[in-house]
Each structure stands twice: as structure tokens, then as C-alpha cells.
Amino acid sequence: MTRRKRISNLLTYFLLVSGFLFVFVPFWYMVITAFKSQTYIFEIPPRLWPEEITFNNFVNVLTGENFGRFFVNSLFVAVISTICTVLISSMMAYAFARFEFVGKKVIYYLVLLGMMIPSVTLLIPQFLVVKSLDLVNTYRGLILIYITMNLSQQTFLLRGFFESIPTELEEAALMDGAGRWTIFTRIILPLSKPGLAAVMIFTFLYCWDEFALAQVLITDSSKRTLPIAIALYQAQHLTRWGLVFAASIISFIPVLLVFIIFQKQFTAGISTTGLKG
Amino acid sequence: MALFIFWPLIYSFRISFFDWNVIRPERSDWVGIANYVNALNHPVLKRAILNTFSYTLITVVGQMLLGVFVAVLLNQKVRGRTFFRVAYYLPVITSWVIVSLLFEYMFNGQGGLVNYLLKDILHITSENIQWMADPILTFVPIDLLGIWKGVGWTAIIVLSGLQTIPGQLYEAAEIDGAGKAARFLKITLPLLKPTLVFLVVVLSIGGLNAYISNSLITDGGNPLDQTHFILTYMYERTFTNLEFGYGAAISSMLTVFVFVFSVLQIKLLQKRNSG
Chain A
1 MTRRKRISNL LTYFLLVSGF LFVFVPFWYM VITAFKSQTY IFEIPPRLWP
51 EEITFNNFVN VLTGENFGRF FVNSLFVAVI STICTVLISS MMAYAFARFE
101 FVGKKVIYYL VLLGMMIPSV TLLIPQFLVV KSLDLVNTYR GLILIYITMN
151 LSQQTFLLRG FFESIPTELE EAALMDGAGR WTIFTRIILP LSKPGLAAVM
201 IFTFLYCWDE FALAQVLITD SSKRTLPIAI ALYQAQHLTR WGLVFAASII
251 SFIPVLLVFI IFQKQFTAGI STTGLKG
Chain B
1001 MALFIFWPLI YSFRISFFDW NVIRPERSDW VGIANYVNAL NHPVLKRAIL
1051 NTFSYTLITV VGQMLLGVFV AVLLNQKVRG RTFFRVAYYL PVITSWVIVS
1101 LLFEYMFNGQ GGLVNYLLKD ILHITSENIQ WMADPILTFV PIDLLGIWKG
1151 VGWTAIIVLS GLQTIPGQLY EAAEIDGAGK AARFLKITLP LLKPTLVFLV
1201 VVLSIGGLNA YISNSLITDG GNPLDQTHFI LTYMYERTFT NLEFGYGAAI
1251 SSMLTVFVFV FSVLQIKLLQ KRNSG
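Chains A and B supply the protein sequences, listed in that same order. The opening position of the first sequence corresponds to residue 1 in our numbering, with each subsequent residue numbered one higher. The opening position of the second sequence corresponds to residue 1001 in our numbering, with each subsequent residue numbered one higher.
Hints in this document: simulated from the structure, not taken from any laboratory. Do not take every clue at face value.
Below, a list of computed lysine-lysine pairs in the DSBU-like style, where the Cα atoms sit at most 30 Å apart [as the list claims (entries may be wrong)]:
# : chain 1 : residue 1 : chain 2 : residue 2
1 : B       : 1077      : B       : 1180
2 : B       : 1267      : A       : 104
3 : A       : 105       : B       : 1193
Please construct the entire structure, taking both the sequences and the accompanying hints into account.
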């Protein structure tokens, strides 16, 4: 029995490690390429460990081509959109969780529906709406759309969280004369930290990586966000993969940090809500 | 939200019946269902529909099989579980733009890593394969990327489903002499069914809406407009050729199709939450 167990354990590890290699090698190859100089980009055989390591790609990316600017653009759009989404969705979720009002069910179904409509099919109409508001090429336009794209999911997620908080707490606070707003900010929000964290992570990642909308709504080259900048970077420097991947790695760092710091909330958020990160 | 999601949707539906003039919308001509007829008769769109459906089929099956497999592995009490879980999740959080470029580089026709593996290490081919020059082979990197990127997410969802199955069930079955395979088929799979159905729906919607990887790897349907997805083609017609009515017609058809899937998804979500 123990021997069989050991063999099955060994097999599990073997499979897990093979899977790990399957996932890891492309990443490794990307990192290695970013540290290679141009002469080694298409060398045969391709090396998984470079002959010589150079930081030139990173230096070139950071010093040239407005990269710092794109980074700041992305950060600005993502942070503002995330803050607004958390504020609005938490208030909406609280209303759905605790208040009775006319048409609540219908409105909530509309919220759910918003979650189900695939984002890319909204591309044309959203572009036209932003255009009619004269917000093309502004961060305001992009941020507005990003907030609406996240609102449904996050309201849905937070409603579940708020409903799991026992009402006795709020009733006690009401007896003590606390208003709804006080209850919301002093009781509900502090108790929902994991949920709020999940909302923040998902919204931030969405905004940080969003491609299709940013491509359409921002045409002014200095206002671009990172995903667009990187895609165009590759188009401009066709085979300069070292540069492209150095830029990719720098843009991936914030995501990695968020992921590592919030790893627990992240997996919890995914498995309780079925959200796609 | 009504302003930014529902009104646009209806607006877009309206546009699809016009030869839409972006600069001066009031000058647009009503063309009835001409945009739909033209789109459906257009060989490039037909090909794009075929491409999208085959991509969806391949990636959904791939993600489901590997996702369940990985989840079962991770559900065992082995050391380093958290490490593997985090590692498998890395592709999920990496941006589509980055991983698309990465796969394009790995499948490069000259000195790419994949060609090297196939030619010089495994000796399967004698020459470098020009992946991006062939309308069928282009989908090897695109489909593999779709699977590679999605397995981690699928596995996490399956894992959370697995963890709700009470261990006593397995113990009882073991006492009754059920083998590992029998336990998996008779206990695990039936109890996972709601989770699996949910996953198939969500992954299918994701597949039908694939856009970035194709747009970057095929560089706009190359070669010869044979490799478009529905959405990359819609994008080209709308924002490159400025045929908004035509694009809106394609987009409306896709939306209706996806909507059928989505109604299913709402139902499943409710079941998941109440169960």
C-alpha cells in the first residue's frame, strides 16, 4: 500500500512538474530574450541560457520612445477606473443587498445582463457613444467605459459579500442612532475587505490589460496605454524581440506584484464568483 | 450603465440597417438587411466564422481536459501545491498582448524555439515550418495559446468544485471496493457536472470572442484574409474601412448567438450560488 502510494505520489509530481515546464518555458524564454542582444535573437540553436547578459534592451525601453509616459498613462487610467468602480459598485451592491425598492428585481437582472454581454461586441456602439460625447482621445472617455464594463461583475460580487454579513450588527447600530451611511462606511465596508480587495484586483487587471477599446478610443500617440504601445512597438521594430520583451516584462511587473500580494483573495475571488481574471 | 451598455447595444442594432455615415450620421442611408446579406455571403466572413468555431471547439476541449486533469492533480495532498497553483495561474494574468507576441516569437519561421524543437531535437520535420505563412498552420500557435492561457483558470474553478465533494463518499466507495477510475467516473464527474457545464459555457463565450491573439499573430487576417476571426474581421471592416453599418451587422449576429449561451450562463450562475 505505502509503496503504491509512493509511486502514485511520484507520478503526480512528474505530471505536475511537466505541466509546470509547459507553462514556465515560454515565460523563461521571454525573460532570456529580453536579456539578449540583437545578434543572438535568431541564433541557432536557440539558447535557454544566454551567452552574455545585457541590460541594453531595458535601458533602451526605459529611456526612449515615450515608454515611461505610456506606463504612467496606463497607471493613471487603471487607478482612477478602479477607485471609481469600487465606490460605485459597493454602493449599488449595498442598495441591492439591504434595501427594498420598486423595480429592484428588474434592475438587478439588467445588472446581470450587463455581465453577460460580451465586451467586444459593444465596441462599435461604445465608440459611437464616446464620440457623440466628444470624449474620443481623452482619458475621461476611456475611464468612463472601463467603469461601466466592470460595474456589473463587481456589483454582483459585492452583493454576495454584503448579504453574508449578519443583519444583527446593523440593527444594533440603527438602535444606537447610526444612519445608513455610517453603517455602510463603518460596518459594511470594513467587514468586506476581502471582497473589496477582489474587486480592486479584477478591475485593475482588466484596465491594465484592456486592448480593443483602448485601440479604438485613443488615437493620439502620446496618450496610448501600455498594451497598445507594446503591440505597436512590435510592429515598428519587427524583429527586435529583445526590446519588445523588455517592454513586456516591465509592464507585467505591476500585475505580478498585485497577484503575489493578493494571491489569497485572488483565488478566493475566482472560485466563489467564477470571474475570469 | 444603461447609457453605456444597453443604449449602445440598441443603437448598434439600428446602425446595422444603414449604410452608416460616421462623420454625418443624419446622412446615412437605410439599406434594410443588405448588410446582413452581404456579410453572410462574403467568403472572408464565412471563413472567419469557420475559424472562430474551430478555435472555440479546440480550445474549449483542450482547456476542459487539461483543466480537470490539473485540478485532480492539485487536489491531492502533495507538497508544493500552492506553488504549482500559482505557477499554473501565471498565463491567466499575463496580458493577451504579451503572450500573443511571445507565441509569435516562439513559432517564428526562421529561428523559432518550436521549429528548433521539431527539426533539430525531435527530427519530426527536416525543414523549418513557416507557421504564419499557411492559413491552417497559423492556428497552431493561436489555438495552443488559447489553451495554454486558460488551463490555470479552468483548473482553479474545477478545484473549488472538487473541494466541495465530501471525502466520506470516496472512503465509502473504497470500502465497497471501487477502484480509482471507478471512483472518478461514478463520484467525481457526476458531482462536478454543474461546474463543468458552467465552464463549457464561459469558455465557449470566451472562444467566440477571441480577438487579440488573432489580430496580433495573423496581423489582420494574413495570409490572404484566410485567417480572420469574426471579431478581427468586424474590427477591420468597421475601424479600418469605416463601414460601421456592416461591422454592426456582424457584431449583432455574434451578439445574438452569444446571447443564447449567456442566458444559459445566468441560469447556471444562479444554480451555483443557491447550491
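Here is how each hint holds up against the structure:
The suggested pairing of residue 1077 of chain B with residue 1180 of chain B holds, with an alpha-carbon distance near 16 Å, which does not exceed 30 Å. For the suggested pair residue 1267 of chain B and residue 104 of chain A, the alpha carbons sit about 19 Å apart, so the restraint of at most 30 Å is met. The hinted pair formed by residue 105 of chain A and residue 1193 of chain B meets the criterion: a straight-line CA distance of about 29 Å does not exceed 30 Å.
Violation of the numbered hints given earlier is absent; every hint is satisfied by the structure.
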